[in-house]
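Assemble chain C onto chain E, guided by the hints.
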Amino acid sequence: MQSKQNPSTPTITTTNDLAIKIEDLTVAYREKPVLWDVDLQVPTGVLMAIVGPNGAGKTTLIKAIMELVKPVAGFIEVFGKPFANQRSRVGYVPQRNSVDWDFPTNALDVVMMGRYGALGWFRRPGRKEQQIALAALNKVGMADFANRQISQLSGGQQQRVFLARALVQEADIYLMDEPFQGVDAITERAIVLILKELRAARKTVIVVHHDLQTVNEYYDWVTLLNVRCIASGPVQKVFTEHNLRQAYGGRVAFLGLHSHEEAA
Amino acid sequence: MGIIKFVNQLFFDYTFRTVLLGALTLGIVSGGLGAFAVLRRQSLLGDAISHAALPGIAIAFLLTGSKSPVVLVLGAAIAGWLGTLVIMSITHHSRIKTDSALGLVLSVFFGLGLVVLTYIQKMPNANQAGLETYLFGQAATLLAKDVLTMGILGVLSLALMLLFWKELKLLTFDAEFGRSLGFPVRMLDLLLITLLVVAIVIGLQTVGVVLMSAMIVAPAAAARQWTDRFGLMVGLAGILGALAGVSGAILSSTIEHLPTGPTIVLMLSGVVFLSLILAPNRGILWRWLREQHQRHQLQMNAILSDLFILAQHHQDASHGHSIKVLRTMSQGHGGVDRSLKALKAKGLVIEQAKDEWILSAKGMEAAQKLAQSNEVDE
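So the sequences go chain by chain: E and C.
Under our numbering, the first sequence has 134 at position 134, and the numbering climbs by one with no breaks.
Count along the second sequence from 1, then add 1000; that gives the number in our numbering.
Okay, chain E solo, but in the shape it has when bound (with noise of 0.2 Å):
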């Protein structure tokens, strides 16, 4: 039984609490760490980001969650429970370079393909899948293009795609890598709208973010990360110039820092 969170002030006492608690994690690469002894508990119902220099290990950690990768050491609950346990309650972003837009398909199509967890094996979508997948759609502004190619996509249009197949999945925690990458204005606006829907709604977001600029505006819950975690908890507290240094090491300097210091 999960109970209400203020993410504001949050207390974490409980496994309840915690949409993510991992512990120990380590991810090696042909012995070169990726991911060193990484501690991180996560609320339920916080939009956080992960933010970290190139390499740090960002989206190696959303794919540890999921197992995509195997640790070398450590383990990750959610809600308390394996992933393995919890996957329907899980949500999926990738980088939209993951795929090759090429394929001969529609929009449509591969929102539907959220479903496919649900529908289990070899049920195929049908009506009630469509509608889903329509109304989706919908929410992240592309019903119209339902039925276009998704080669004739923008990067914007096809991030939404992306989002929107996430979206069907109706899922608990929704984890997103780097989704605004290379993305218009307006769709980087319409896509931080639906996640703070999602927040309002009590889920629980995390987004590889690589931005730094707009952590402040857009998150509550940041995790700076470095193949070690230096920090994570409120954007307040620990979004500082003094985290941001270590993580990334040497000058960052831009507005928006907790601390009110520009850096030397």
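Careful: at least some of the hints might be erroneous.
Only pairs whose alpha carbons sit at most 30 Å apart, straight line, appear in this in silico BS3-like list of lysine-lysine [claimed, not checked]: (1) C/Lys1145 x C/Lys1097; (2) C/Lys1166 x C/Lys1145; (3) C/Lys1166 x E/Lys70; (4) E/Lys196 x E/Lys32; (5) C/Lys1005 x C/Lys1067; (6) C/Lys1166 x E/Lys128; (7) C/Lys1341 x C/Lys1354; (8) E/Lys70 x C/Lys1067; (9) E/Lys196 x E/Lys21; (10) E/Lys70 x E/Lys32; (11) C/Lys1166 x E/Lys139; (12) C/Lys1097 x C/Lys1122; (13) E/Lys32 x C/Lys1097; (14) E/Lys21 x E/Lys237; (15) E/Lys32 x E/Lys81.
Simulated DEER-style distance windows between Cβ atoms [claimed, not checked]: (16) C/Arg1338 x E/Lys196: 44 to 50 Å; (17) E/Asp144 x C/Trp1165: 24 to 30 Å; (18) C/His1313 x E/Thr214: 49 to 55 Å; (19) C/Asp1337 x E/Ser98: 30 to 36 Å; (20) E/Arg124 x C/Gln1292: 40 to 46 Å; (21) E/Asp100 x C/Glu1291: 38 to 44 Å.
A short, non-exhaustive set of chain E residues, derived as facing chain C with CB atoms under 8 Å [unchecked claim]: (22) Leu68; (23) Pro104; (24) Thr105; (25) Phe122; (26) Lys128.
These are computed hints drawn from the structure, not numbers from a lab.
Glycine included, each C-beta is placed from N, C-alpha and C at the ideal position.
Quick look at chain C alone, frame taken from chain E:
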């Protein structure tokens, strides 16, 4: 071959009927399943599997002494499968990339196959004649029961493909998302490879090891030109494969000394070529025609604009201009003569006297609209 002769042969000529049915089966199965390989960027895998099958055929004969196609095809399947496993472990356990691994396995296995074949041929008294026909196929050796085997295996493969349709589609488009949903992507991958191996080995007797990869890749490549829908593409690939198979079989039986296997592949090349040129939207001819149309459109717009500018210049819409003037203004655009003719046919310009061109009232309107839209663009 006339229709009557065709039907006649179909009913009364055992060899012709057998070859035809064999080619038909092979075309549908390899075309349909090949579509998955092509969409997964594994086109070359078909080539590697079919070349890797050669040692399997040779060794199967060595071990059993039998040249029964069922035995040899089984050997081919095992070797093809083994080859795939080797490719996967090379890419997994070393820094060698997929294309190199494919090339390695293809050539090494094929070389091994040739060595064993040669050894067999040197063996005294061995009933080895005919094994090398698996290099390029010999459809004439097809027996009814061989075609039956092909048919059963083919139907089984297609049935599995249909059963796992959405899973295989998911695997092909976004395997990682599929994994996150809980589908055992590794197993589905193995399933698809198995189906591919079956599709390949049932064609070896007809088309042979060297050319079989064409039957896997070409129908799908051609089908992609005609449709943007996944299901339609797979189906069309099967149909195009069947078309090549049947036409190749008919042609090779009509013309003397034409080997069936290579003829089928030639017909397939023709299908691909025509698809590349003629297909709507993606075809070269189509694109060229569309480009031409757009170019003429631009040229006509240019003439309209030029006449408009001239009229404004002279403050007189009825002052006619010769084609020479228009040609000078159209330096680099060309097509003035044809544009004027087309515009005249549309009633947008009038030739008020010989070589004196002006805008009609309708033309004036059109030119004004053009000028406005050009302003907005800037």
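Violations among the numbered hints, reported as their numbers in ascending order: Of the numbered hints, 1, 2, 4, 5, 8, 12, 16, 19, 21 and 26 do not hold.
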